[in-house]
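These two chains come separately, so use the hints to put the complex back together.
Keeping their order, the protein sequence lines are chains A and B.
Per our numbering, the very first residue in the first sequence carries number 1; after that it's consecutive.
Per our numbering, the very first residue in the second sequence carries number 275; after that it's consecutive.
Be aware that one or more of the hints could be misleading.
Heads up, incomplete: computed chain B residues facing chain A, CB under 10 Å, no partners named [claimed, not checked]:
id : residue
1  : Ala450
2  : His513
3  : Val576
Stretch-level coverage of chain B by chain A, calculated; a stretch enters the list once three of its residues show a Cβ under 8 Å from a Cβ in chain A [what the hints assert, rightly or not]:
id : region
4  : 297–309
5  : 336–345
6  : 374–380
7  : 403–413
8  : 430–440
9  : 455–465
To be clear, the hints were calculated from the coordinates, so they are not data collected in a lab.
Please read these numbers as outputs of a predicted model, since none were measured by experiment.
Yeah, the Cβ is synthetic: ideal placement off N, Cα and C, and Gly gets one too.
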Amino acid sequence: MDEVPAGLRVAVLVKHVPDAQFDRHIDAEDLTTVRNESILSELDEYALEAALQLVEAQGGSAAGHRVTALTMGPSAAVGAVKKSLQIGADDGVHLTDAALGGSDAAATSKALAALLEHTGPFDVVLTGMASTDGETSLVPAQLAERLSLPQVTFAASLELAREDTGWTLTARRDNDTFAETVVAPLPALVSVTDQINEPRYPNFKGIMAAKKKQIRILSLADVGLDADEVGPAGSWTRVEAAAPRPPRTQGIVITDEGDAGIRLVDFLAGQKLL
Amino acid sequence: MTAVLVFLDNPGATLARSERELLSLASTLGDVSAALAEVPGQAFLDGVGSYGVQEYYRPEDASVADVLVAGKAAFLAEAVRASAADVVLLGNSYEAKEIAARAGIRLEAGVITDVVGLDADLTATKADFAGSYTVTCRVTTDIAILTVKPNSVEAAEAGLPSSPREILLPVEVPRAAARVTGRADKPVSGRPGLAEARVIVAGGRGVEGNFAPLEDLADALGGAVGASRAATDAGWIEHSAQIGQTGKTVSPQLYISVGISGAVQQRAGMQTSQVIVAVNKDADSPVFEIADFGIVGDLFSVLPQATEEIRKRGL
Ligand SMILES: Cc1cc2nc3c(=O)[nH]c(=O)nc-3n(C[C@H](O)[C@H](O)[C@H](O)COP(=O)(O)OP(=O)(O)OC[C@H]3O[C@@H](n4cnc5c(N)ncnc54)[C@H](O)[C@@H]3O)c2cc1C
Ligand SMILES: Nc1ncnc2c1ncn2[C@@H]1O[C@H](COP(=O)(O)O)[C@@H](O)[C@H]1O
Chain A
1 MDEVPAGLRV AVLVKHVPDA QFDRHIDAED LTTVRNESIL SELDEYALEA
51 ALQLVEAQGG SAAGHRVTAL TMGPSAAVGA VKKSLQIGAD DGVHLTDAAL
101 GGSDAAATSK ALAALLEHTG PFDVVLTGMA STDGETSLVP AQLAERLSLP
151 QVTFAASLEL AREDTGWTLT ARRDNDTFAE TVVAPLPALV SVTDQINEPR
201 YPNFKGIMAA KKKQIRILSL ADVGLDADEV GPAGSWTRVE AAAPRPPRTQ
251 GIVITDEGDA GIRLVDFLAG QKLL
Chain B
275 MTAVLVFLDN PGATLARSER ELLSLASTLG DVSAALAEVP GQAFLDGVGS
325 YGVQEYYRPE DASVADVLVA GKAAFLAEAV RASAADVVLL GNSYEAKEIA
375 ARAGIRLEAG VITDVVGLDA DLTATKADFA GSYTVTCRVT TDIAILTVKP
425 NSVEAAEAGL PSSPREILLP VEVPRAAARV TGRADKPVSG RPGLAEARVI
475 VAGGRGVEGN FAPLEDLADA LGGAVGASRA ATDAGWIEHS AQIGQTGKTV
525 SPQLYISVGI SGAVQQRAGM QTSQVIVAVN KDADSPVFEI ADFGIVGDLF
575 SVLPQATEEI RKRGL
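Next up, chain B with everything else stripped away, as it sits in the complex (with noise of 0.2 Å):
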């Protein structure tokens, strides 16, 4: 039987649907232990039993986690070794990849990021060149460690909440490395994440420093709100909200982008989204070259009207 092992960072108060999709995944390919690097909470906890999960693993020092990635990375190492681990999944957010990378030297196994898909053979399908390319891939050793993007699988129905069995491990964190001396939290918005988030709107210079008709929009359609990075150098939203090249990657079943001319760099990081509306004033944009639905025109009169459209009817 294929043991797997699934790297949960960063635990919130309960699972997020990212996590739930990990732990289906890990649940097709074999028997799933879990390994978490910070104390997670009861909630998130009795989350992780209820996908079958029996046993996780955990530093018997938390403080790996003060060690920008070189800490995580050799917990993780210690805990695939600990649950003999075939296959290791994680996120992909850009320090699950480096926790993955470091590991996968460690472990002297094969690393593969941006996973959308995976076969039971462990063939890995991904994207490349922004979305221009699917590529199959797989790991040749022994072991094989895969950061998996959000919405790639369906989240299964999870079962009875049940406690997962504590195994902590001692973990020698690397001497030389970089410390965490500060964190500051950044605010949050109660929308989803965008990495998640079914509906994404994305702003981008043409909205002016007013986002507002797009949050309503977003709020209407239950989505989280983007931005170009024109939009985020400027100030006007957090950088974290950047989809792009160097921003985010998504997915989503459907995305507007609103006021964003649609250059490569944003193009890299949505146009594999579902469904891609644009709205600008601009005809000659080459956003509406990918747009399956294109309306020129200002996007502060067509965005409220269509916000003001869906409360009437009731959606």
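Excised from the complex, chain A in its bound form (with noise of 0.2 Å):
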């Protein structure tokens, strides 16, 4: 049985992506991304940060709060919950379920919506700003919407205080024009940009300790879906071809000899770019 600590429980979602790294392809057959290499994405990194600095900043798992790693994807993506919880996540699931492949925004945000609230309750849920592969930020605003929670999203900062009335989160969001400070009482859901925080990263006390924290593997049963909810047959669209663009090649290199701004210029004039 799961104790229900007092405190603050916080989830945050990772995915297991391909690392940007190397090259990334998409199956030609089956039209789905190619998993090989993959690791937890980049970007949900700054969410671990921001959901480990938001308990610190209460006390931490001493005052009973508690962070818990999600994720939703193939056996490998257990990756991405390991590694959070050698950075400092209490504890982990990972929805798995061959019939989540091939998953869009929106059937994604259906299994992670069931998946929540199978685990949850949970004060606050945070995500990357968008993963790294898809690449499309539509699962934390259609996340909001499906479990009806307040979005405080792309958030540049983020401060927790507690008021009569309860918890309040308070947020700065960055657009091209103005900035914005955003309030809202939680429950909610957050996604958090990387100008937010530096991650840290696991060292070696951590990694000893993750080996004795928990993780969950749940099926898309467990979570009360049936299997034509989510992958293409739940998904709301199709891709229909995919092809490799041609790498760019490289041209013409010149070494500055002192004229190196006029060749710039005939360059430009040449392409008729001036």
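Here is the structure:
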């Protein structure tokens, strides 16, 4: 049995994604992402760091607060949860099921919403600003809609304060032409940008401690969903074709001998770019 | 006839080019109406009308915009119902994508973001994996929601200005929502916006805090100034100038990369530019692998010389 702590319960959604340092591929047959060489999405490290800082500022696990890392994906995706536990999350959950492959944002948000409802309640659900593979930034907003949670997305700063009426989150959000201050009561859904903090690395102590932390593995049936509610059947969009673009090739490289500025203008004129 | 609804967020004084592109694309698909969450000015409205839009929707209560995303998404869903739209087009800002995301759940409609091409049969084209794949995809639900990148379609010539008819819609704003309690405008530069610019001069750590030579070159070329994350993190330039994975994705005709090494996260935002020029004093910088024209040299001598040469040629 899980004991229900009196403190804050913070969920962090972490995704296992192909490492962008290598060439990434889409399978020519089933048009889904090839998931070799995958890692915890860099952008979700900021969400995890934000979660850890939120609870640490309130006294940490000693005060009964708890950070849970959750992922949805094939069996290897548990790597994202394991890494999160090494970095400092208290426990982990992995939703995995053959039917989930090929889910679009709508189906992914459906599965994650069911997962959060099954494993919650959570006071804060934290996500990255985008997954580094899908890069749609749709999932956080769709989760807020599905779970009827206040949406505090693209937060570049985050503060939690306890007031008479309960917890209040204040965030800064940058738009192109203005910056806004956003305030929400808990529970809330929060996505964070890479401006919010410097994610910490796992240290030896953390790596050892993670071995004792619990990871729950759940199937679709465990969270109350049918196979046709997710995956291609439950998706509202479909990929029809994917073709690798020819990589850019190196052009001319010159070394400045005192006239490179002029040669640059000659090049631009030759390309009709002036 | 297909009914198309175009959502225009944060209306300015007049239509921006990206908004003209959206309206032009919409009119190739069917009958167009517009949805605006905020109160627009007359010149903006006349511009909308000049693209043949005869009706536009607005929330009865303009305070929907005080609730982050949820309010505008609820309004958009109402406007889609009221206009019986089959296709919904939005811009591609983070906020537009989020509004699309939530409206999609409300309407049980598929959402495709970052669209760069759209066929008459609604097959959408987009780039994946930082521009290394071209993907075509479709929405499979009755209503299709698409967020379209600027510079993807040509804006058609506008017709005569005319004011579309306003239709006010009651909107129930979700009660569980985050409130916008403050807004601080950022300084405007007078240069074109990054997303729309035909020319971008972008600077990195090599600029060492001095963007003046880049601004001069950008002005000589009528371009915008962008930056790597190293330069925005250092506080040398606004964060909104950042290009890359966690900044803007741009595809201008000409991208001049200056004092930037060319890390994958930077490339993710610029490698679909038509022509790339790189100026870097290190010949081994990875940026040269993707440059059409590379100069190994000091930016502080190359850039002023180029700017002077452009001016001298009277261009
Ligand atoms: C999650 C995550 C997201 C990120 N998102 C982005 C993003 O969106 N955009 C982005 O840009 N980066 C991003 N980064 C950072 C990225 O990895 C690089 O660190 C960054 O792009 C480096 O910036 P730079 O090229 O300006 O600096 P450096 O790598 O330090 O390069 C500076 C270059 O300037 C050259 N130089 C120095 N002096 C001169 C001179 N006088 N004349 C000519 N050349 C000179 C040097 O030779 C060098 O190549 C992200 C990183 C992470 C982890
Ligand atoms: N399969 C997944 N498992 C866990 N979290 C996810 C998953 N997909 C998306 N997310 C979360 O949603 C954020 C935005 O993803 P996206 O909408 O795909 O760009 C990510 O940064 C994650 O925090």
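Checklist entry - Which of the numbered hints are not met once you compare them with the structure shown? => result 4, 8
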